[in-house]
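Each residue of the sequence shown is one higher than the last, beginning at 79 in this note's numbering.
Careful: at least some of the hints might be erroneous.
Below, in silico cross-link-like pairs of lysine to any residue (SDA-like), each with a Cα-Cα straight-line distance of 20 Å or less [stated by the list, open to error]:
1) 215 - 146
2) 215 - 161
3) 215 - 131
4) 215 - 199
5) 115 - 199
6) 115 - 186
7) 115 - 169
8) 115 - 240
9) 215 - 105
10) 215 - 169
11) 115 - 105
12) 115 - 239
13) 215 - 103
14) 115 - 203
15) 115 - 180
16) 115 - 204
17) 115 - 238
18) 115 - 201
19) 115 - 234
20) 215 - 203
21) 115 - 215
22) 215 - 201
23) 215 - 231
24) 115 - 103
Here are the in silico distance ranges between beta carbons for each label pair [stated by the list, open to error]:
25) 186 - 100: 16 to 22 Å
26) 156 - 203: 31 to 37 Å
27) 184 - 212: 20 to 26 Å
Rather than coming from a laboratory, the hints here were simulated on the basis of the structure. Backbone N, C-alpha and C fix where the C-beta goes; we use that ideal spot for every residue, glycine too.
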Amino acid sequence: MTIIIEYNRSRGDGEMSIAVICSVTWLVISVFAIVPKRFTLVDMVFIYFVSTILSCTIFTILDINLQWVPASRETEKALALNIGRFIEIPLILIMAADILNSRLRTPNRWGIALVICLFLTINDWIYLSLDIVEYRKWNYIYAFIDYGLFIVIIAWIARWFVLLHRGGMEKV
Numbered sequence: 079m080t081i082i083i084e085y086n087r088s089r090g091d092g093e094m095s096i097a098v099i100c101s102v103t104w105l106v107i108s109v110f111a112i113v114p115k116r117f118t119l120v121d122m123v124f125i126y127f128v129s130t131i132l133s134c135t136i137f138t139i140l141d142i143n144l145q146w147v148p149a150s151r152e153t154e155k156a157l158a159l160n161i162g163r164f165i166e167i168p169l170i171l172i173m174a175a176d177i178l179n180s181r182l183r184t185p186n187r188w189g190i191a192l193v194i195c196l197f198l199t200i201n202d203w204i205y206l207s208l209d210i211v212e213y214r215k216w217n218y219i220y221a222f223i224d225y226g227l228f229i230v231i232i233a234w235i236a237r238w239f240v241l242l243h244r245g246g247m248e249k250v
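Kindly produce the complete structure, drawing on both the sequences and the hints.
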């Protein structure tokens with residue numbers, strides 16, 4: 079990965095950023111297709127839209143209003159960022175919500191959720207390395223905590239929707 083990132087910086091164009099982000103997105107889509115899911119199609123569509131709305135809203139507030147995370151204005155890098163924000167991150171959040179709402183043992187569920195948080199943190203580092211986004215004072219611990227909270231919130235919303243969809247909120 080370091081070779082690709084250094085190659086991109088030496089060339090100075092955004093074509094490599096699209097290639098790297100599309101490769102990671104392809105990997106996420108492949109894993110999403112392989113992993114068994116207990117959510118119905120309606121549940122997954124709802125969670126997809128909720129996670130997309132939440133992630134894009136938070137990113138837009140930080141990007142445009144507060145200017146904490148200035149995104150790249152180059153076309154290729156902006157397209158790579160949109161691929162990540164609209165495809166990659168929501169699919170990962172759907173998988174995480176499905177795992178946290180599964181019948182696995184509690185340590186296994188949270189262990190897999192921590193691995194997903196780690197993957198999302200590495201994904202942020204890739205965005206940063208490819209100059210797609212420019213975090214001011216980026217810290218991997220804060221990114222890890224941010225994605226962890228995001229996963230827990232999406233899992234709670236998914237649990238609420240699934241229970242509501244199956245006949246109401248009952249004591250679980």
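Structure-based check of each hint:
1. 215 - 146: Distance ~9 Å between residue 215 and residue 146 Cα, so the pair holds.
2. 215 - 161: 24 Å, violated
3. 215 - 131: Since the Cα atoms of residue 215 and residue 131 sit roughly 25 Å apart, the hinted pair is violated (cutoff 20 Å).
4. 215 - 199: 15 Å, holds
5. 115 - 199: 23 Å, violated
6. 115 - 186: Holds, at roughly 16 Å.
7. 115 - 169: 12 Å, holds
8. 115 - 240: Roughly 13 Å between the alpha carbons, so the hint for residue 115 and residue 240 holds.
9. 215 - 105: 29 Å, violated
10. 215 - 169: At roughly 27 Å apart (the allowed maximum being 20 Å), residue 169 and residue 215 break the hint.
11. 115 - 105: It holds: about 17 Å lies between the C-alpha atoms, which stays within 20 Å.
12. 115 - 239: Within the cut-off at roughly 16 Å; holds.
13. 215 - 103: 26 Å, violated
14. 115 - 203: Given that 20 Å is the threshold and the Cα spacing comes to 28 Å, the pair is violated.
15. 115 - 180: Judged against 20 Å, a Cα distance of about 9 Å means the pair holds.
16. 115 - 204: 28 Å, violated
17. 115 - 238: 17 Å, holds
18. 115 - 201: 23 Å, violated
19. 115 - 234: Between residue 115 and residue 234 the Cα gap is close to 17 Å, so the pair holds against 20 Å.
20. 215 - 203: 12 Å, holds
21. 115 - 215: 37 Å, violated
22. 215 - 201: Roughly 17 Å between the alpha carbons, so the hint for residue 215 and residue 201 holds.
23. 215 - 231: Status violated; Cα separation ~25 Å.
24. 115 - 103: 19 Å, holds
25. 186 - 100: 16 to 22 Å: 31 Å, violated
26. 156 - 203: 31 to 37 Å: Distance hint for residue 156, residue 203 is violated at roughly 19 Å.
27. 184 - 212: 20 to 26 Å: For residue 184 and residue 212 the Cβ distance comes to about 38 Å; the hint is violated.
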